[in-house]
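Novice: The chain contents come next:
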Amino acid sequence: MSDAARETSATAQAPSVARADPGLFVRMDAGSREAKLDLVVQSMHCAGCMRRIERALGELDGVSFARANLSTKRVAVKWDPSRLKPAAIVEKLASIGFEAVPFDPKLIGALDQDEGRKLLRAMGVAGFAAANVMLLSVSVWAGLVSDMEPATRALFYWISALIALPAIAYSAQPFYRSALAALRNRQMNMDVPISLAVTLATGMSLVQTIVNAEHVYFDASITLLFFLLIGRYLDVQARNRACEAAQNLLGLRAVAATVVDADGSQRSVPVEALEPGMVVAVAAGARVPADGIVAGGISDIDTSLVTGESLPELVRPGAHVFAGTLNITAPMQVTVTARDEHSLLAEIVRLMEAAEQGRSAYVRIADRAARIYAPSVHVLALSTVLFWLAMGSGFVVAITNAIAVLIVTCPCALGLAVPVVQVVATGRLLKHGILLKAADGLERLSEVDTIVFDKTGTLTLGRPHLIDEGVSATDLSVGAALARSSRHPLSRALVESAGAKPLPVLSDIHEEPGQGLEGRLGDEIVRLGSREWVGASEFGAAAHGGPELWLRRGTARPVCFRFVDQLRPDAAETILALKALGFSIELLSGDREPAARAAAEALGIAVWRAGARPDAKIARLKELAGEGHKVLMVGDGLNDAPALRVAHVSMSPADASDISQTAADFIFQGAKLGAVVEAIEVARKSRRLVFENFALALAYNAVAIPLAFAGFVTPLIAAVAMSTSSITVTLNSLRLGRLRKASE
Amino acid sequence: MNILVYLMPAALFLGFLGLLGFLWSLKSSQYDDLDGAAERILYDDEDLPGN
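Protein chains in written order, with the working numbering: chain A, 141 to 884; chain B, 4 to 54.
The following block holds chain A by itself, in its conformation from the complex (with noise of 0.2 Å):
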């Protein structure tokens, strides 16, 4: 074989997951008869990305609908299913060089989408009517100081009346919605004095209009729901987006299973609905997809990602395998056995499940601050209407002027407060590649004192490294000629490691799970593998611990390469970074005692456990817990996952499990660490932001209040008080888009 054509077949085993066949997210429109696929296709990042695809599908017999959405990386594909099969689709995409993941219909159930859409709905009328009742009532305010006619300006009320009350009829629900479910609960939230301000505030225009007085408050109520519309708006928005992109990260390894039926015969089933005592055909390079018992095959499994542990293990009939872990080696058959009791699975949702019950609610800042507001806006209202009735006033103009009080203290500011910051903070993150899932994650992880780190997939790379020291260059490429044909991870290191150098040709390979190669280099035997295999005790040559791989070639002595799982490339910095930050660090592994020890001494980290079950890892951070510290989890594995949800705030790379994935409140892609330091200046600074905010917010009530109290404050004053605090809060939280320039 020549070596282009060794290469080409090298690449064609290059581990790849099984892909589930698309058929399984197929959903069937029930009117038009059309099958609708929603694919996630990552690598699509332009105008002309979109195109290609779109033309390319829409070249195919029987698609009538295919629209690439370039926000969500996601395209939507309807087509006639008698005229096409939906693995053609997929392969058609594969053809002009794009990835397609057929995206579980699921996971597109589990966002709210409705609820963005309605709010910008609410959104729109609101403006609307916000910009023709100040239209009029601008005209009003003009006609104060010249010459209007009480009349004309009756006539201006009916109309400002006419936009206003269906406007705000409609747009007010999602606040009257609210604020009815927290009052059910017995709870305030911020949306109870809101809904009272602009109840009571449209109601009282409304009948000043009748009696013809001189000021109504149509607009104040209108344009208070349009910015808090905004601020709502946005606030959905921003979790939408990273709730979007954690599910295409999922979807992304959306998996079936083979199922081997009685009769041999072979067929993809999606991977909820394997049963106990079913067959399952795990390929090499493919992931288990549930726990069961080994029936046929011997084979490597990788089980870093369950359990930790960097090397993998041999395992032959009647072994247990987990769900999740890499089948290395040769094909094998696997007994499902999951929702065994027993099973490690069953027991990580266990301690997840006890882990949720454990933590204790965590309060927004804004909910804190609509605690101490509601009531005290009530309050304060209240007793505008008793020193007006105590000061002798007339019942109306006690009323009119607690209404007075009730919208302006109405939390405009607030209301934007929290969700511009938000915003600006989860655009600012995913720049770097990192996804703020749960929406508290960033006011969280800025209370973070402690930060705990797993070890294999989180500080390094999970992958091992050759260690160059004494391995002459020929060893090297014959080693390495020989690993190519192998997915065992020591074998992928050695081929990396000799690059793009040409390698000698071998004959007649074959594997032998969990023992090594063989290979015939012109008249030489040529082994690699372990100690045993090549025999290396019979030449005293010792084992180095660690992982290690032997190369015998004839009769010459073994040489060895030995490996590391190499720390991810700026590690040592981030943790430099971190402890200058003055967080204490600690390492917490299921790694054994060795490989953790390396780690925690290369980084400098004092306080590490090696061999940490999930359960120890929890009971850890229970006690830091106790001890007062807010921790933050970095972890990736299945058994971290437990200790995730123990976490203050946690986070996983995005190559993590998907249990560790849906655990985690942020997740960080790409090799470098670094993300971590980067979420966590982002968060604290969006915390300073979003306390200024409420500075400034407190700074225009403590002027208007007063006024307002006195009854000073008309309709003219109001709007502009409104507006002013609203601008000032959103300029200041867009400062945090600028804060990084000064910081790079």
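Since the hints were made in silico from the structure, they are not lab data. Bear in mind the structure is a predicted one, so any value in this text is a computation, not a measurement. Please note: incorrect hints may appear among the correct ones.
Stated by the list, open to error - No more than 27 Å apart at the CA atoms, straight line, and that leaves these computed lysine-lysine pairs for BS3-like: (1) B:30 x A:258; (2) A:176 x A:213; (3) B:30 x A:218; (4) B:30 x A:213; (5) A:719 x A:812.
Since chain A is already given, all that's left is putting chain B on it; use the hints.
Specialist: Below, chain B without anything else, positioned relative to chain A:
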């Protein structure tokens, strides 16, 4: 002031048209992919959804 009889309905009507336009654009999914919309203007030829 009689001019108001014409001008105010005209102003309201125009504003209302704007609102209808917004609601229509919202309904036809024009806000679902803002990044994509920004890129699509770079297409040279006519781009119709579904083609």
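Novice: Evaluate each hint against the coordinates.
Specialist: Going down the list of hints, with the structure as the test:
Restraint check for residue 30 of chain B and residue 258 of chain A: satisfied, since their Cα atoms lie roughly 10 Å apart, inside the 27 Å limit. Of the supplied pair hints, the one linking residue 176 of chain A and residue 213 of chain A holds, its CA atoms being roughly 17 Å apart against a limit of 27 Å. At roughly 19 Å between alpha-carbon atoms, residue 30 of chain B and residue 218 of chain A fall within 27 Å of each other, so this suggested pair holds. Taken as a hint, the residue 30 of chain B and residue 213 of chain A pair is honoured in the structure, with Cα atoms around 21 Å apart against an allowance of 27 Å.
The straight-line distance between the Cα atoms of residue 719 of chain A and residue 812 of chain A is roughly 17 Å, inside the 27 Å bound, and the hint therefore holds.
Of the numbered hints listed earlier, not one is contradicted by the structure.
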